[in-house]
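**Q** Here's the letter readout for the chains.
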Amino acid sequence: MGPNLAALSFTLCSECETSKARAGLMKLPHYEVKTPVFMPVGTQGTMKGLLPEQLEELDCEIILGNTYHLGNRPGIKTLKKAGGLHKFMGWHRALLTDSGGFQMVSLLKLAEITEEGVKFKSPYDGSEIMLTPEKSIEIQNCIGADIIMQLDDVVRTTFQDNDRIKLAAERTSRWLDRCLRAHKRPSDQNIFPIVQGLLNKELRIQSANEHMTKDVNGFAIGGLSGGEAKDDFWPIVSLSTDLLSKNKPRYLMGVGVAIDLVVCVALGVDMFDCVFPTRTARFGCALTNKGQLNLKQNQYATDLNPIDENCTCSTCRNYTRAYLHCIVSVETVACHLISVHNIAFQMRLMRTMRANIEKGTFPEFVKTFVDELYPNKDYPTWVINSLSSVGIKII
Amino acid sequence: MHFIVNNDLLAPDGAGCERLGCLTGISKSPKTVIETPTAALMTQGGSVVHLTADVLARVFTEPKLLWVPLSNSIQLEAGLQAQGEGVAKFAGLPGHVSCATLQNITEITPNGHYELDKVPVWTKNGKKLLTAERYMELMEVFKPDIILAIADGRTSLDEGSKRISKSVDRTQKMLNVCMEKYKCSEVLADSLILGVIVGCGSEKMLEKSIENISKYSDILAGVAISGLSDGSERSFNASDKLSDTIPKNFLKVLEGCWKPDVVLTAIEYGWDIFDGSLPLKYKDDFNPILDGCECLTCRKHTRAHNLHNFDQLFCYARRHIAANTFDLFKKYIQEQCQKLDPFIVYKEESIKDLKQVDEHKKKIRTNDIDNINSG
Ligand SMILES: [Zn+2]
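Chains as they are written, first to last, in our numbering: chain A, 1 to 395; chain B, 396 to 770.
No lab work stands behind these hints, which were simulated from the structure alone.
Please read these numbers as outputs of a predicted model, since none were measured by experiment.
For glycine and all other residues, C-beta sits at the position ideal for the given N, C-alpha and C.
Some clues are possibly wrong.
[Claimed, not checked] DEER-style ranges, computed between Cβ atoms:
hint : chain 1 : residue 1 : chain 2 : residue 2 : range
1    : A       : K296      : B       : D585      : 33 to 41 Å
2    : B       : S556      : A       : K77       : 55 to 63 Å
3    : A       : K87       : B       : Q707      : 18 to 26 Å
[Unchecked claim] Just a sample of chain B residues kept apart from chain A, beta carbon distances all over 12 Å, derived:
hint : residue
4    : N401
5    : T438
6    : S442
7    : E472
8    : D512
9    : K561
10   : E575
11   : N607
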């Protein structure tokens with residue numbers, strides 16, 4: 001539609017005949033990304049996480065960088081000098097950066113939001129810093145990711161004040177205009193607007209309709225996965241995918257637990273990000289189709305099996321549960337090893353969903369998946385309801 | 396497994412006792428060769444500190460020596476017993492060579508109560524007292540390629556003579572037990588065992604400790620010096636005493652966190668192996684990435700960078716020993732150490748200039764490291 005087709009082209013390859021699930025191909029300047037896709041956080045501050053080669057081997061096609069962390073370390077100057085984050089970290093595939101706003105509001109208690117932007121005190125020298133929509137885009141233009149996010153007005157999901165929620169949704173639209181005006185690299189970077197409005201359907205409709213009038217190549221659904229009830233969560237996701245253009249990718253921010261991924265793919269979401277797989281690794285939790293294994297538990301002390309015998313990740317190839325049990329939550333190595341497996345798990349889940357959408361067997365896959373996860377058939381109500389809303393009956 | 400010293404390369408003109416050698420004949424991996432002098436990689440819980448097997452393989456393609464202190468790995472016992480294939484395999488590092496010891500001597504541990512035939516090991520879950528019997532039992536479970544005999548080595552140079560004397564006696568008693576157990580052990584038939592020299596704070600006690608060890612020179616494959624962590628070169632005096640009593644082909648291990656210039660002095664005194672505690676002291680995450688080694692893996696992974704950088708020191712040291720330019724290399728590193736604290740990036744380019752300065756020296760003997768490998 002817009003003139004920025006060079007920076008992103010999205011092709012729908014297959015659509016599920018029952019649900020809203022779809023498989024697509026998103027061509028970005030650095031890589032062709034197959035959707036639905038999960039984007040692991042690839043640049044956690046000081047890069048203590050996984051190496052780019054490891055992420056490539058894990059089949060990651062697009063990773064997420066935290067603008068706030070990158071701005072502090074290595075810093076914009078260094079990134080500029082290196083010619084962008086891709087070159088700096090040696091990552092050759094697609095990259096998405098957030099606006100930095102969410103990190104500030106969630107990390108820094110002193111953040112204050114005004115019409116101009118997000119004001120906060122630097123945790124380094126105490127000086128006041130203002131992150132405006134223009135500043136956020138300027139930084140993201142330096143980082144050089146394929147997809148960059150608009151600065152949005154973040155209100156806690158469980159927030160109750162309707163006036164504030166309305167203000168946030170409307171301000172987000174105004175900030176979108178400022179972001180688009182400040183954008184210096186439309187030919188190789190795509191700004192995604194963020195649909196806001198929390199759990200208020202009217203505001204969501206308004207926000208989505210407003211953003212769809214803009215010259216953009218994809219959309220994000222924000223303000224969810226912040227502690228709201230699952231029964232409130234899925235109808236908003238479903239409403240958003242109904243509203244948003246069919247021929248552009250839809251990115252649901254902050255969602256990454258396996259069952260949520262399966263449901264939201266069924267509801268028509270194409271892209272996801274979440275710190276969950278790596279965060280839970282820190283507590284010794286490994287992801288499997290049957291749920292999480294807490295490797296701290298004594299039952300694994302002499303268990304010589306890998307985390308998942310069907311997994312081909314380097315952790316499952318080289319390490320037993322018994323060894324991981326010994327070092328879990330004691331050594332940083334354990335955290336890395338479980339992170340590798342957990343990201344491999346996420347990637348495999350997304351690949352499997354995509355393959356099933358293409359084969360026309362997505363509803364059958366969903367049934368198999370929930371039966372393995374809930375062997376006693378104690379499916380959560382929201383899972384039953386959300387899936388049934390798109391024609392997949394699991395009971 | 397055995398240790399070979401390349402005696403042909405020993406300088407006959409008193410240029411120092413630096414020497415090249417190698418560890419070979421490991422039954423689990425017959426092709427593995429560890430060239431010395433070298434530094435081991437420090438492990439914690441069996442894993443190289445901060446590095447997964449996957450990342451390690453990207454930094455070092457060749458097998459490395461793993462330093463395995465029981466103090467941080469004793470919790471692996473139950474799992475190791477279940478698996479039965481030794482600590483390197485269990486920790487996801489098969490193909491690497493393991494060297495087990497009581498504790499990482501750079502860890503600061505409390506002083507205190509000792510029992511007659513036991514030494515304390517300070518784990519994350521507190522103090523455990525180990526007898527020599529129990530230590531060797533653990534060795535049969537850990538199955539390391541090299542064992543440092545249990546020793547009461549935690550005495551500083553300035554300790555009182557009574558404490559030092561007790562430490563020498565206790566170590567001797569425990570060595571006797573280790574030797575008995577080792578001789579009878581089928582599991583450890585392929586492992587080398589080294590005697591641990593203690594008592595460095597007193598010349599007399601040091602001599603006594605060396606003498607005790609020399610009684611077992613037909614069983615032992617080498618010696619280690621423990622109990623020094625203050626970075627003083629005083630300890631290397633031990634090597635003068637060693638040369639009279641200890642076989643020349645003994646593997647010599649120096650524990651402790653030494654600065655690069657001190658390491659080179661130790662190499663000059665004939666020490667072959669160093670524990671890997673030094674790179675761990677430098678934890679800063681970013682500066683080395685920006686100004687240091689150009690290899691991409693290092694830029695992306697600072698901890699790997701520090702290990703790689705430290706490894707390069709030994710790699711260059713070996714080349715200079717082979718080229719008979721070791722004294723120049725040492726001088727160069729000493730100068731760098733004075734200028735650049737805390738950490739140097741060892742670049743070969745800068746050394747090339749030095750080589751030219753004293754080109755004629757280089758011609759005296761072979762400079763082909765490959766001869767050493769095939770020999
Ligand atoms: Zn795995």
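**Q** Determine whether the non-interface label on E472 (chain B) survives the test: each CB of chain A must be over 12 Å from its CB.
**A** Answer for E472 (chain B): violated, closest chain A Cβ roughly 9 Å.
**Q** According to the definition I'm using, a residue is off the interface if its beta carbon is farther than 12 Å from all beta carbons of the partner; does N401 (chain B) meet that for chain A?
**A** Label holds. Min Cβ-Cβ 34 Å, cutoff 12 Å.
**Q** Should the label of N607 (chain B) as a non-interface residue stand, given a Cβ cut-off of 12 Å to chain A?
**A** 35 Å, holds
**Q** Would the non-interface assignment of K561 (chain B) survive a Cβ cutoff of 12 Å against chain A?
**A** 33 Å, holds
**Q** Looking only at beta-carbon atoms, does the pair S556 (chain B), K77 (chain A) fall within the given range of 55 to 63 Å?
**A** Holds, since S556 (chain B) and K77 (chain A) (Cβ atoms, about 59 Å apart) stay within the stated range.
**Q** Given a hinted range of 18 to 26 Å, is it respected by the beta-carbon distance of K87 (chain A) and Q707 (chain B)?
**A** Holds, at about 25 Å.
**Q** Should the label of S442 (chain B) as a non-interface residue stand, given a Cβ cut-off of 12 Å to chain A?
**A** 4 Å, violated
**Q** Can we trust that D512 (chain B) is non-interface, i.e. its beta-carbon lies farther than 12 Å from all of chain A?
**A** Consistent with the label, D512 (chain B) stays out of reach of chain A, its closest Cβ about 28 Å off (over 12 Å).
**Q** Checking the smallest CB distance to chain A, is E575 (chain B) really beyond 12 Å?
**A** 30 Å, holds
**Q** Confirm or reject: T438 (chain B) is not an interface residue toward chain A, with every Cβ-Cβ distance exceeding 12 Å.
**A** T438 (chain B) is in fact no farther than 12 Å from some Cβ atom of chain A, at 9 Å.
**Q** State, for the Cβ atoms of K296 (chain A) and D585 (chain B), whether the hinted interval 33 to 41 Å holds or is violated.
**A** 35 Å, holds
The earlier numbered hints that this structure contradicts are 5, 6 and 7.
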